[in-house]
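Those protein sequences? They're chains A, B and C, same order as listed. The numbers in the working numbering rise by one with no breaks, and the one at position 184 of the first sequence is 355. The numbers in the working numbering rise by one with no breaks, and the one at position 159 of the second sequence is 1025. The numbers in the working numbering rise by one with no breaks, and the one at position 82 of the third sequence is 128.
Heads up, a few of these hints could be off.
[As the list claims (entries may be wrong)] Computed far set for chain A versus chain B, every beta-carbon distance over 10 Å:
id, residue
1, Phe174
2, Lys176
3, Pro293
4, Phe297
5, Asp301
6, Gly336
7, Pro338
8, Ser366
[What the hints assert, rightly or not] Derived lysine-lysine pairs resembling DSSO-like cross-links, with alpha carbons at most 27 Å apart:
id, chain 1, residue 1, chain 2, residue 2
9, B, Lys1436, A, Lys222
10, B, Lys1421, C, Lys57
11, B, Lys1421, C, Lys68
12, C, Lys68, C, Lys135
13, A, Lys222, B, Lys1421
14, B, Lys1362, A, Lys176
15, C, Lys68, C, Lys141
16, B, Lys991, C, Lys57
17, C, Lys211, B, Lys991
18, B, Lys991, C, Lys174
19, A, Lys322, A, Lys299
20, C, Lys141, C, Lys158
21, B, Lys1308, B, Lys1388
22, A, Lys224, B, Lys1436
23, C, Lys158, C, Lys135
24, B, Lys1308, B, Lys884
25, B, Lys1445, B, Lys1421
26, A, Lys222, B, Lys1391
27, A, Lys296, A, Lys307
28, B, Lys1445, A, Lys222
29, A, Lys303, C, Lys141
30, B, Lys1445, B, Lys1362
31, C, Lys68, C, Lys139
Worth flagging that the hints you see were computed from the coordinates, not collected in a lab. Even glycine gets a Cβ: it sits at the ideal position worked out from N, Cα and C.
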Amino acid sequence: MDFVKLFPLTPVASAHGQEIDLLIYLVHALMLVLFIGWGIYFILVLFRFNKRKNPNANYLGIQSHTSSYIEIAVALFEAFLLIGFSIPFWAKQINTFPTRTDTMEIRIVAEQFAWNVHYPGPDGKFGKSDPKLFDKQSNPLALDRTDPTGKDDVVTINQLYLPIGRPVIIHLTSRDVIHSFGIPNMRVKQDVIPSLSIPLWFTPTRSGQYEIACAQLCGIGHYRMRGFVTVQSQADFDKWLSDQAAANSASGSGDDFWN
Amino acid sequence: MSSDAHAANSHEMPFWQKYIFSQDHKIIGIQYGITALFFLLFGFFLMLLMRWQLAFPGQELPLIGKWFGEANMPGGVMLPEFYNQLGAMHGTIMVFLGVVPLAVGAFGNYVVPLQIGAPDMAFPKLNMASYWAFFLGGVVMLASFFVPGGAANSGWTSYPPLANIATAGQTWWLVGMVLLITSSLLGSVNTITTIFQLRAPGLSFFRLPFFVWAQLVTGFLLLLAFPPLEAAGVMQLMDRIFHTSFFMPSGLMVSGQPLAISGGGSVLLWQHLFWFLAHPEVYVLILPAMGIVTEIIVNNTRKPLNGYRLMVYSLIFLGFMSFIVWAHHMFLTGMGTAISAFFQATTMIISIPSVVILSYLFLTLWGGSIRYNTPMLFSLAFLPMFGIGGLTGLPLGLSASDIPLHDTYYVIAHFHYIVAPGTIFALFAGIYFWFPKATGRKMNEFLGNLHFWPSLVCMNVIFMPMFIQGLVGVSRRLYDGGASYDFAQGVLHLNKLSTYGAWGLAIAQIPFIINFFGSIFKGEKVTSRNPWEATTLEWEAPNIPGHGNFDHELKVYRGPYEYSVPGAAKDFSPQASEKI
Amino acid sequence: MSTGEIPYIVKPRADTGLYNAKLGIWLFLASEVMLFGALFSSYILLRVGATDWPRGASILSVPLGALNTTFLITSSLTIILSWIALRMKDLPKFKIYMGVTILLALAFLGIKAYEYSLKFQHHLFPSKSTFMAVYFTLTGLHACHIIGGVIVNSYLWGPGSRMWKTDPERFTNRIEIAGLYWHFVDLVWLFLFPVLYLL
Ligand code: HEA
Ligand code: HEA
Ligand code: CUA
Ligand SMILES: [Cu+2]
Chain A
172 MDFVKLFPLT PVASAHGQEI DLLIYLVHAL MLVLFIGWGI YFILVLFRFN
222 KRKNPNANYL GIQSHTSSYI EIAVALFEAF LLIGFSIPFW AKQINTFPTR
272 TDTMEIRIVA EQFAWNVHYP GPDGKFGKSD PKLFDKQSNP LALDRTDPTG
322 KDDVVTINQL YLPIGRPVII HLTSRDVIHS FGIPNMRVKQ DVIPSLSIPL
372 WFTPTRSGQY EIACAQLCGI GHYRMRGFVT VQSQADFDKW LSDQAAANSA
422 SGSGDDFWN
Chain B
867 MSSDAHAANS HEMPFWQKYI FSQDHKIIGI QYGITALFFL LFGFFLMLLM
917 RWQLAFPGQE LPLIGKWFGE ANMPGGVMLP EFYNQLGAMH GTIMVFLGVV
967 PLAVGAFGNY VVPLQIGAPD MAFPKLNMAS YWAFFLGGVV MLASFFVPGG
1017 AANSGWTSYP PLANIATAGQ TWWLVGMVLL ITSSLLGSVN TITTIFQLRA
1067 PGLSFFRLPF FVWAQLVTGF LLLLAFPPLE AAGVMQLMDR IFHTSFFMPS
1117 GLMVSGQPLA ISGGGSVLLW QHLFWFLAHP EVYVLILPAM GIVTEIIVNN
1167 TRKPLNGYRL MVYSLIFLGF MSFIVWAHHM FLTGMGTAIS AFFQATTMII
1217 SIPSVVILSY LFLTLWGGSI RYNTPMLFSL AFLPMFGIGG LTGLPLGLSA
1267 SDIPLHDTYY VIAHFHYIVA PGTIFALFAG IYFWFPKATG RKMNEFLGNL
1317 HFWPSLVCMN VIFMPMFIQG LVGVSRRLYD GGASYDFAQG VLHLNKLSTY
1367 GAWGLAIAQI PFIINFFGSI FKGEKVTSRN PWEATTLEWE APNIPGHGNF
1417 DHELKVYRGP YEYSVPGAAK DFSPQASEKI
Chain C
47 MSTGEIPYIV KPRADTGLYN AKLGIWLFLA SEVMLFGALF SSYILLRVGA
97 TDWPRGASIL SVPLGALNTT FLITSSLTII LSWIALRMKD LPKFKIYMGV
147 TILLALAFLG IKAYEYSLKF QHHLFPSKST FMAVYFTLTG LHACHIIGGV
197 IVNSYLWGPG SRMWKTDPER FTNRIEIAGL YWHFVDLVWL FLFPVLYLL
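My request is simple: use the sequences and hints to build the entire structure.
This is the structure in structure tokens:
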């Protein structure tokens, strides 16, 4: 449909993205119909009833009830979008989490102005952390590497690697202020709130490089709180993960945060 | 008849009592108006600085850039610190020091008593106190630019923990807000009491002009919505000054250091309190504008308002509903299905009364004999502009489509369409419309057109591109306007377009400023009390009404919009004249 | 009726049944309800979200709080009596009752100040815990309202009472207004006391 081409949305790269886009198209269609309809009426009236053409106003004015029907139609369409799309979508995508066995879990701790990404590593278990071990440069997540489940944990800064086609749950929290974790291409966004751990999930469906954009004002570096998402095949992902796990048992610092 | 008696007593007052610490609602209204226009201009100026940085990130601002000092713009290049201050203060100033004081303080004060046939507001001393609290609040806000670290820089929303750990300017912001809230509370008590108590004989509620209704509902919104923000402000002040932890959870680390606080507070508490105010507040920004526009449109179509009663009911309904939609600003804070469904539903419901009001304004045009003068042009332009702003609230109000749009330029465009070419245009219309009453002179029509047309074009040039940027996903409050993001590269050129539009808009205000000040002294004198041939009571008063407003007893015989009544001698039948 | 005067300053308007200041004070009190309502809601939210919350009695002195409660309740009574005295055209009696009201309020403030100083001696500052933060903010804000009331009541007791000679009806109205405000402040305390000291 050409109507869709009017929208400069970024290419969708997640499984649920189409549904959000569909909702955006539908609600904009309603808006456009209303705007164009009333717009034509408006322009017509402005010409037809100007003082020169119509020197005497009509006390009664319009007698038709069309506008009431329009209002009812608008209300019904809104109810349809709400009940038919938005609420079920929320229930299914935001409030329920995938139970597939190949679901991946990741933790992200946001800070001014970076995303600390924490993978459980090949064993699939997150290692313990201990605030005493915190070091801004070498151990930003305060991981306890002596914990057996933590040995193979992978930590990156601003780099999110995901295998294609597998649902991923990301547990988001923040260490300092509120941030907002958004990946435009994935059609996901979630405020990241200190003291709360809020999960978010999606299934990447297109390989490639995407960007994480912080959406909530979080201080002077808000504009550069940018991260990267790399979606790749399962094999490439596994290779990346085991390379990292092998390489980082000592140092947890990620790729290119300090450049 | 005692008109000479009170004419006499206003003569005796010394200058400072008559014009500075005045208790006359008209003088206070004008004080509000001038102060608020100054702040609007100032807020716009802050935005012009920001728009330079957005269009040309990191480039030196020519000529004036160096004036802002090394701490803000070293070598004329804006720092992110300064950008954030400008953003927070633009929002705050436009909302709390510009539009609300102009719409409620100035028009509410000047026009409401006249339209209900009252000699003054119910509590003149309170009225004066309200203005000076506002003035003081404004001074505190302006002064905050000069404290170490500059003005508040955590957005007009001041979300903690960011605002709690921000520089001293935030404390000043909170103190300023407490003063502004106090001012609004005093003002709303006054407005509501005035409307209930001081209506002229015969002026029953369903004979009130729509503008008065709008101010009445606005008064209730201010009265009931502001105190929670005051409470929140007090708590944030406690957090900042006495290091309590109302909004600070345990375990925070800032720049790698744990904060020495007790913790145990709630981050989201602030957002609930803030939006509980701020959503009703946005209707405070729009309802008076709808009121003004309605008066002007009816007057210039020369026919009655279609659906007056339904419009009033919609207004009241809107007022009620506005207290239960606030969390639509918080869909992405981790809400469950039930709560998000509730707030989506209320948000969809609240859009209906706006649709009703707008529809009736459109319908009123049918069958009219429309005069296109400057106030009418601004009022007519309000309709589609508010329409665009309001309609784009719908995708934001559905939580699913809010996910990609939240905190992007789409939101910025949504509300600016409502407040800038919407409310600001309505306020301009009101100034052109009631100017003759306040000064005895008309503003110039040619300059008025020169103000209107470029402003209309420029507003759209500024804000339309922001919808596109928002759909692409460009976040708001970005110091570089999104330049560092790959996905935003395709829409970066629109930043320049918006900025050019803002320059154009600035230039388009020059005819207005000339017209405004010029007309006070040189404008065409109006020969009649009722130059627009209107029906409502303010036109019964002499031009530049004296103390006590009216020089004859008023009695109201009919509704507010009896135009072109069949069989009447003229095409307007004033409320206060016994004959049709 | 002269056109320049503001009507219904003293006499109620027929269709609303109120004189201006009475409607004004009710509106003001409505906004105050929202203010304290917001604070109480915050209290509930913080308490529900807290991992542990001290029992008020373990930190605050219930007897002192109870004493203050009786002071305020009594003062609410005496301010009504002072208004009734005016309705009976008895200014001296008004002075006595209003005087007692003011003294009770001052006693309340004295005890409150003493309680605060006890807390400070034990290094219990607002920053100590969320409970202390809530305690100081709520009682502090309430005390500000008491102080405001004392100032207004003292004015009405002293120089303000000259209006009795020129415009007794209006003066009586003023006392009614002051009384309404005072009842409200009292009512807030009746919430604060159990919530902070007992629960
Ligand atoms: C005056 C100001 C004002 C008004 C009136 C509104 C009105 C509405 N607003 Fe808006 N809003 C703001 C000011 C305003 N808003 C501000 C300032 C913000 C951002 C705050 C911040 O974060 O900084 C915001 C943010 C905001 C959000 C949060 C977005 C986010 O952060 O993710 C949402 C979500 O629901 C929303 C929804 C709505 C809705 C549904 C309406 C509805 O009431 C609109 C109803 C109107 C209509 C539906 C129009 C009817 C039109 C027609 C009938 C036809 C028109 C045709 C022609 C004209 C030809 N708004
Ligand atoms: C009422 C509210 C209001 C109004 C009217 C405006 C008006 C304008 N706003 Fe503003 N804006 C906000 C409220 C408002 N804004 C808020 C709340 C934010 C969010 C802040 C935050 O992020 O926290 C914001 C943010 C905001 C941004 C986003 C910044 C960012 O996210 O980084 C931008 C970007 O371009 C912008 C632009 C403009 C422009 C170009 C105007 C123009 O339309 C300005 C038009 C002004 C005039 C036309 C002046 C008229 C006055 C006169 C002519 C005076 C005459 C004087 C005399 C006669 C004495 N605004
Ligand atoms: Cu992190 Cu903005
Ligand atoms: Cu809202």
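Quick rundown of the hints versus the structure:
no.: 1; hint: Phe174; result: holds, 14 Å
no.: 2; hint: Lys176; result: holds, 12 Å
no.: 3; hint: Pro293; result: holds, 29 Å
no.: 4; hint: Phe297; result: holds, 18 Å
no.: 5; hint: Asp301; result: holds, 13 Å
no.: 6; hint: Gly336; result: holds, 21 Å
no.: 7; hint: Pro338; result: holds, 17 Å
no.: 8; hint: Ser366; result: violated, 3 Å
no.: 9; hint: Lys1436/B - Lys222/A; result: holds, 16 Å
no.: 10; hint: Lys1421/B - Lys57/C; result: holds, 20 Å
no.: 11; hint: Lys1421/B - Lys68/C; result: holds, 25 Å
no.: 12; hint: Lys68/C - Lys135/C; result: holds, 21 Å
no.: 13; hint: Lys222/A - Lys1421/B; result: violated, 32 Å
no.: 14; hint: Lys1362/B - Lys176/A; result: holds, 24 Å
no.: 15; hint: Lys68/C - Lys141/C; result: holds, 22 Å
no.: 16; hint: Lys991/B - Lys57/C; result: holds, 19 Å
no.: 17; hint: Lys211/C - Lys991/B; result: holds, 22 Å
no.: 18; hint: Lys991/B - Lys174/C; result: violated, 42 Å
no.: 19; hint: Lys322/A - Lys299/A; result: holds, 10 Å
no.: 20; hint: Lys141/C - Lys158/C; result: holds, 25 Å
no.: 21; hint: Lys1308/B - Lys1388/B; result: holds, 9 Å
no.: 22; hint: Lys224/A - Lys1436/B; result: holds, 19 Å
no.: 23; hint: Lys158/C - Lys135/C; result: violated, 35 Å
no.: 24; hint: Lys1308/B - Lys884/B; result: holds, 24 Å
no.: 25; hint: Lys1445/B - Lys1421/B; result: holds, 12 Å
no.: 26; hint: Lys222/A - Lys1391/B; result: holds, 24 Å
no.: 27; hint: Lys296/A - Lys307/A; result: holds, 23 Å
no.: 28; hint: Lys1445/B - Lys222/A; result: holds, 26 Å
no.: 29; hint: Lys303/A - Lys141/C; result: violated, 67 Å
no.: 30; hint: Lys1445/B - Lys1362/B; result: violated, 59 Å
no.: 31; hint: Lys68/C - Lys139/C; result: holds, 24 Å
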